[in-house]
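K.L.:
Take a look at the letters that make up each chain.
There are 2 protein chains.
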Amino acid sequence: MSGELGPETAVHGCMQAVREFGSKVILVGDPEVIHDLLYRFPIDSDHCDVAESFEVIGMNEMPARAVRSKKNASVMVAARMVKEGRAVGFFSPGNTGATMAAALWEMGRIKGVERPAIATQIPREEGVTVLMDSGANVDCKAEWLVQFGIMGATFSREILGITKPRVGLLSNGEESKKGDFVTLAAHRELLRTSLNFVGNIEGRDIYGGERSVDVLVCDGFIGNIVLKATEGLARTIFELMKKEIHKTALGRTGAMMLRPTFQMIKDRMDYAEYGGAPLLGVQGNCIIGHGSSNAKAFKNAVRAVEEFGRRKLDTHLTNDIRDMS
Amino acid sequence: MSGELGPETAVHGCMQAVREFGSKVILVGDPEVIHDLLYRFPIDSDHCDVAESFEVIGMNEMPARAVRSKKNASVMVAARMVKEGRAVGFFSPGNTGATMAAALWEMGRIKGVERPAIATQIPREEGVTVLMDSGANVDCKAEWLVQFGIMGATFSREILGITKPRVGLLSNGEESKKGDFVTLAAHRELLRTSLNFVGNIEGRDIYGGERSVDVLVCDGFIGNIVLKATEGLARTIFELMKKEIHKTALGRTGAMMLRPTFQMIKDRMDYAEYGGAPLLGVQGNCIIGHGSSNAKAFKNAVRAVEEFGRRKLDTHLTNDIRDMS
Numbered sequence: 000m001s002g003e004l005g006p007e008t009a010v011h012g013c014m015q016a017v018r019e020f021g022s023k024v025i026l027v028g029d030p031e032v033i034h035d036l037l038y039r040f041p042i043d044s045d046h047c048d049v050a051e052s053f054e055v056i057g058m059n060e061m062p063a064r065a066v067r068s069k070k071n072a073s074v075m076v077a078a079r080m081v082k083e084g085r086a087v088g089f090f091s092p093g094n095t096g097a098t099m100a101a102a103l104w105e106m107g108r109i110k111g112v113e114r115p116a117i118a119t120q121i122p123r124e125e126g127v128t129v130l131m132d133s134g135a136n137v138d139c140k141a142e143w144l145v146q147f148g149i150m151g152a153t154f155s156r157e158i159l160g161i162t163k164p165r166v167g168l169l170s171n172g173e174e175s176k177k178g179d180f181v182t183l184a185a186h187r188e189l190l191r192t193s194l195n196f197v198g199n200i201e202g203r204d205i206y207g208g209e210r211s212v213d214v215l216v217c218d219g220f221i222g223n224i225v226l227k228a229t230e231g232l233a234r235t236i237f238e239l240m241k242k243e244i245h246k247t248a249l250g251r252t253g254a255m256m257l258r259p260t261f262q263m264i265k266d267r268m269d270y271a272e273y274g275g276a277p278l279l280g281v282q283g284n285c286i287i288g289h290g291s292s293n294a295k296a297f298k299n300a301v302r303a304v305e306e307f308g309r310r311k312l313d314t315h316l317t318n319d320i321r322d323m324s
Numbered sequence: 000m001s002g003e004l005g006p007e008t009a010v011h012g013c014m015q016a017v018r019e020f021g022s023k024v025i026l027v028g029d030p031e032v033i034h035d036l037l038y039r040f041p042i043d044s045d046h047c048d049v050a051e052s053f054e055v056i057g058m059n060e061m062p063a064r065a066v067r068s069k070k071n072a073s074v075m076v077a078a079r080m081v082k083e084g085r086a087v088g089f090f091s092p093g094n095t096g097a098t099m100a101a102a103l104w105e106m107g108r109i110k111g112v113e114r115p116a117i118a119t120q121i122p123r124e125e126g127v128t129v130l131m132d133s134g135a136n137v138d139c140k141a142e143w144l145v146q147f148g149i150m151g152a153t154f155s156r157e158i159l160g161i162t163k164p165r166v167g168l169l170s171n172g173e174e175s176k177k178g179d180f181v182t183l184a185a186h187r188e189l190l191r192t193s194l195n196f197v198g199n200i201e202g203r204d205i206y207g208g209e210r211s212v213d214v215l216v217c218d219g220f221i222g223n224i225v226l227k228a229t230e231g232l233a234r235t236i237f238e239l240m241k242k243e244i245h246k247t248a249l250g251r252t253g254a255m256m257l258r259p260t261f262q263m264i265k266d267r268m269d270y271a272e273y274g275g276a277p278l279l280g281v282q283g284n285c286i287i288g289h290g291s292s293n294a295k296a297f298k299n300a301v302r303a304v305e306e307f308g309r310r311k312l313d314t315h316l317t318n319d320i321r322d323m324s
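Chains A and B supply the protein sequences, listed in that same order. Residue 234 in numbering that gives the first Met the number 0 sits at position 235 of the first sequence, and the numbers go up by one each step. Residue 205 in numbering that gives the first Met the number 0 sits at position 206 of the second sequence, and the numbers go up by one each step.
The hints are simulated quantities; they were obtained by calculation from the structure and are not laboratory data. Check the hints yourself; a few may be wrong.
Identical copies look the same in the list; a pair holds intra-copy or inter-copy alike.
[As the list claims (entries may be wrong)] Here are the simulated lysine to aspartate or glutamate pairs, DMTMM-like style, with alpha carbons at most 20 Å apart:
1. Lys177 to Asp138
2. Lys140 to Glu306
3. Lys242 to Glu125
4. Lys242 to Glu83
5. Lys246 to Glu272
6. Lys311 to Glu124
7. Lys23 to Asp45
Construct the complete structure from the given sequences, taking the supplied hints into account.
P.N.:
In structure tokens, the structure reads:
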């Protein structure tokens, strides 16, 4: 019921997952609205269930207050179904803070995890970098950062198939003596783990280059700012191009010829490809979507949640946190 | 004598400044090397002096140790000439830490300034955002961030001609309650100043949009990471395009037609346009260059230093820090 594009987009995307991947989904929200939309999709009813919820947490509500006062909001009902074992995980394109709060409140943390963190998958020229944390925690302690590295490596190994993920620490220089107080402490502690820790990584190496890593560790405050800054810059570059290109006939012709190239680059940077960003460290699976998640994002999120369940991601996280923390 | 492209580039750029702007420069370094290069440029000797220095601080030397042990390194001699009133300011494309240390050690801080900070000018679609701090200080206190805002506003007003610069605070959300501990405290204190403080700015608004600001305040750790991340992404986008474009004849033709557009976008993002990033808060003027500064960067840096001197930037900084801190 949340997300900027409304329930039609959600239903549409989920039904695509049912058709393409044989997924089984439970749609949480106003049954009347949902059934009205489902009517258009002739699918096996075995693959789609509806769970009733009449409350929605708005994008601008304060998360902590909202989850306390709206116990039956759609995101809370979804999280509870995971806790009760009726679903393997849930996806929400709504209020990020409320989604995290619902997952924490209802599903709880994995034993030993100090702070769950958001794992964003950043496409590189070859492969993907998992940014941990992308925004769940500000003012992190060094030990939390170490756990972000452990959980990111588990995700990279179990879901992305990287045998020995390279783990890096985002800092203002490659040298081990560069960094703020918390980063310096995290560096020392990461060296003591059995992770494949390769040291500090600079901002310029996030998107490619020889020093790129499979897992990049940082405070959620910085992670959020870096992600939004780079998204903003990419958007600005494409808009500038569009504008310049349309100024001349030659430009328009050139642009037409380059359309496949532009499309390829846009596809690469399309976050809908991943559905959303998993919250790692909670019991069960939770994927946090962009507010503007489209049908493709819903489809891929459903597939991702099912895959996390099939590969027992949370069991692996539990074991790795127990063995390495 | 420092910088990745060597003294030839430096001399070439400085002589361009002499010719185009009538600048007066002092070249600091090995006199024999410099005179050998100067020989090629028939200019009025009144506009160019040489100051002797036989030591250079390398890119990988530890700044604090280097400035203590190499008192006569070129960067130290240059800073000392500013202190002694023989130059209005200096530019160095060498070791950033050593340049800062030389400026602090020889020229000293402006009275009342807790920490000088690096001001990077980020081109927006319309205008420029001054990022304070871009990397001089990690682990900042809230009061330092407030001073970064004050000094950035002085720079924007006196050098960029913005009457009432909009000052924003980089954070993980627009709401005043978003931010890490230091950012939250700085937010409260910025509200108490007479600055035109517009509140928190998200990463996505750095490069344009309605919420863009003239001065953007952040910790130097974050500033460094954000700048390098966006530079890295821009480079990646252009490289991807180049590669894709050359795969097909159609792509190559399209690219040829779009060459003016690509060039325009590259020009906009060309840091050489500004020469380098001023270190604000020291007595006199200091501009820190990219290690790979080309002749254009040298030329523009010379012009910028002279302009800072002509407009009495450090006097304005002194007054604003006294009145607003």
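K.L.:
List, from low to high, the hint numbers that the structure doesn't satisfy.
P.N.:
Numbers 2, 4, 5, 6 - these are the hints that the structure violates, sorted from lowest upward.
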